[in-house]
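Peer 1: These protein sequence lines are chains C and E, in that order. The opening residue of the first sequence carries number 1 in my numbering; numbering runs sequentially from there. The opening residue of the second sequence carries number 1 in my numbering; numbering runs sequentially from there.
What the hints contain is simulated information worked out from the structure, not anything from laboratory work. Careful, some of the hints might be misleading.
Between beta-carbon pairs, the in silico distance windows are [as the list claims (entries may be wrong)]:
1) 249(E) x 195(C): 34 to 44 Å
2) 403(C) x 367(E): 41 to 51 Å
3) 225(C) x 335(E): 52 to 62 Å
4) 35(E) x 386(C): 54 to 64 Å
5) 381(C) x 298(E): 47 to 57 Å
6) 210(E) x 386(C): 26 to 36 Å
7) 35(E) x 162(C): 53 to 63 Å
8) 210(E) x 374(C): 29 to 39 Å
9) 353(C) x 189(E): 54 to 64 Å
10) 290(E) x 386(C): 42 to 52 Å
11) 403(C) x 297(E): 45 to 55 Å
12) 381(C) x 324(E): 53 to 63 Å
For each residue, glycine too, the CB sits at the ideal point set by N, CA and C.
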Amino acid sequence: MFGWEFPPFNKGGLGVACYGITKGLSNKGVKTTFVIPKAPEDAHADHVKLVVASNIKNVSIKEIHSPMAAYMTNVEYQERIRHLLLHGNEKSKDEIYGQDLFQEVERYALRARKIAENEDFDVIHAHDWMTYKAGIAAKNATGKPLVVHIHATEFDRTGGNGVNQYVYDIEKSGFDNADVICAVSNFTKNKIVEHYGVDPNKVHVVHNAVEFTNFNENAQKISGNEKIVLFLGRITLQKGPDYFVEAARKVADKVKNVKFVIAGSGDMMPKMIEMAAEKGLANKMLFAGFLRGEDIDRAYKMADLYVMPSVSEPFGITPLEAMRNGTPVLISKQSGVSEVVNHCLKVDFWDIDEMANKMIAVLNHSPLKECLAEHGGQEVLKFSWDVPAQKCIDAYKSAIEKRGGK
Amino acid sequence: MTDICFYFQVHQPFRLRRYSVFDIGKSTEYFDEKKNEEVMKKVAGKCYLPANKVILELIRKHDGNFKAAYSITGTAIEQFEKYAPEVLDSFKELASTKCVEFLSETYYHSLSYLYSKDEFKDQVEMHRKAMKKHFGFNPKVFRNTELIYNNELANFVEKLGYKAILAEGADHILGWKSPNFVYKPKTTRKMRLLLKNYKLSDDIAFRFSNKGWEGYPLTAKKYADWIEPAMGDTINLFMDYETFGEHQWEDTGIFNFLSHLPGELLKRNISFHTPSELIAHEPKDEIDVHHMMSWADVERDLSAWLSNKMQQSAIQELFSLRTEVIKSRDKELIERWRKMTTSDHFYYMCVKWFNDGDVHKYFNPYDNPYDAFITFMNIMNDLIVRLKGEDLNRQTALRIPTHNTKWVRV
């Protein structure tokens with residue numbers, strides 16, 4: 001499996017999903033060789049990573065040294081390379097990394113091919129575009145069936161404006177070379193059918209789930225008179241933080257004693273800080289930065305409402321995490337998770353008035369909040385990673401069948 | 001051998017418009033006229049008109065030997081007048097045959113008995129007047145919204161002058177007793193209690209088109225054969241009128257079934273009676289019901305309307321406004337408030353069935369119970385703003401339920 005770093009080192013849902021699926025597969029007795037890019041400067045974190053991995057049976061980890069990271073853009077990659085050259089240790093300087101992200105993806109694929117040639121396995125599973133070349137290389141080297149998993153397309157990340165042709169081409173060649181494609185929702189399935197000309201019969205929809213064992217149930221709610229509305233996610237165009245700020249302005253007009261917390265980081269953060277100030281929300285809008293581990297559950301617990309206003313969200317695990325913490329959620333209808341969750345509020349991301357209307361309702365009417373928390377908290381229990389893991393196994397079987405295997 | 005008593009429920013609520021918190025103080029358009037018109041026209045075409053035609057033909061064909069009772073809510077009548085006057089005319093034509101009886105209920109199909117006896121009395125009186133006005137009929141028999149019932153309610157209704165009352169023939173109150181007799185509610189003086197035979201009623205209302213059911217396909221002859229050996233005074237077949245053509249579509253053969261059933265029964269010397277004709281029967285026994293029951297869902301209780309905190313807080317707040325609403329003497333405001341007492345609004349907020357996506361969803365104009373609650377609360381808050389005559393230009397202070405709000409158990 002070509003995947004991404006496990007929590008708590010992940011930057012978003014991709015790592016969470018890789019961990020969840022791997023764990024679910026392990027529960028079902030599937031042995032996984034998990035190949036991940038290992039950041040050169042993170043060498044000190046080895047033991048932690050091994051501890052995380054050793055929690056899962058049936059998994060062996062293979063690392064490829066690479067500064068590549070999930071969600072990275074080419075600009076971010078090049079900044080990282082420059083940083084490495086200036087500050088990296090001797091070991092990291094020994095490696096010759098790609099000059100840009102795209103070269104690095106190619107280099108990574110060559111390394112992946114070597115690993116594939118030396119491993120014994122039945123099927124290749126690659127997660128999102130940066131590993132698709134690696135997946136294809138492994139397939140070409142071994143003739144084993146390839147399953148590509150799509151967690152987010154270039155169209156989700158860019159909102160359809162400024163789609164990077166190179167990324168698009170890699171995604172498309174991943175879909176074309178795959179024997180089976182796993183999409184995290186029907187929303188995403190439709191997107192790849194529409195934008196990449198994928199045969200819908202080749203796509204298995206595998207909805208994500210949420211982890212229950214690793215979260216801190218005892219995280220204390222911060223008490224106080226103020227109501228809190230939470231945004232938690234990367235502050236990027238895809239996640240719709242600007243719609244959140246717009247709605248917050250309308251909410252603040254109607255509800256006193258409310259604070260809005262934006263937790264996360266991303267390229268739109270400076271713009272959002274500015275926007276909040278312009279709208280007179282400077283002392284109502286708090287930027288909490290990027291949260292990890294327990295802090296995430298603490299943030300959900302302290303919130304009266306979690307909002308995910310994504311413009312285009314292939315799945316969206318965070319609402320499930322909020323529900324797991326008994327926090328009511330309001331999600332955009334432009335998300336995969338809205339296909340599978342009932343006990344939450346839903347809104348079109350562009351409908352700011354309706355978003356504010358629903359936020360105000362939760363803040364003002366405690367029975368609504370309590371009902372959402374109670375029934376959402378029950379509903380989320382059905383989202384175990386064993387379910388998507390089983391669907392992956394079905395996808396593997398179908399891929400092996402297609403390759404004429406057993 | 002036992003006789004048959006048919007009663008059909010006719011009801012349509014005034015559905016609420018999507019009303020945002022930002023409409024408060026700005027718009028008094030509470031009701032979704034477009035949706036209400038659409039539903040009324042659809043149901044009129046699929047059910048009310050064709051079903052009334054069949055019933056009228058049956059009455060004529062059997063020369064007064066076929067009879068049936070209706071309970072038609074005030075909100076349905078208002079919507080007939082507004083969107084489908086020909087339906088009201090066809091009910092008037094049925095009334096003129098004298099083979100049709102009209103029952104009494106709350107004008108707004110409300111749960112008012114549970115929250116305000118004064119309001120209950122007012123709405124029952126409004127409904128009486130409507131029955132008199134449209135059908136020239138003076139009801140003697142009462143049925144409460146969704147057959148919600150207990151001893152105390154029977155007692156209260158007796159004091160209003162009614163001779164009989166309808167209820168669900170639920171297993172938990174009947175035990176080994178048969179629903180096919182006329183009973184007396186415990187604690188009443190001489191009230192008669194007519195209990196729904198839910199098995200035979202639901203064979204028509206729910207199972208008629210179910211291909212997996214052992215009784216499928218149900219023909220008039222087969223059904224008459226089931227009824228023939230039954231013992232008792234009366235088999236009470238109570239159901240929503242929308243069963244005919246709306247819940248069971250025309251292509252299931254439901255109208256065909258309805259038009260042949262009376263002939264099959266009369267052939268077997270089984271006759272038809274209306275509820276008021278059953279008052280003459282001596283009660284077989286007393287029936288003792290303490291807890292509120294209804295004809296809804298498997299639970300046969302109030303949980304469809306009042307099981308969660310949203311439902312409870314919405315209805316309590318609504319009724320807490322009554323004194324002020326009535327005192328305002330603002331006819332329009334009173335009418336709006338009363339339309340909001342209709343039980344359907346609380347039914348839409350029900351969470352318990354939301355998980356399985358069952359039939360209830362078909363009747364629900366909202367995507368989920370939470371949206372139903374939000375819309376209702378926004379509208380109620382506008383009503384409060386108007387009630388208090390607040391300066392509408394000023395920012396509206398929302399009414400927030402206090403932490404001390406106590407949930408009443410009913």
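Peer 1: Would you list, in rising numerical order, the hints stated earlier that this structure does not obey?
Peer 2: 3, 4, 5, 7 and 12
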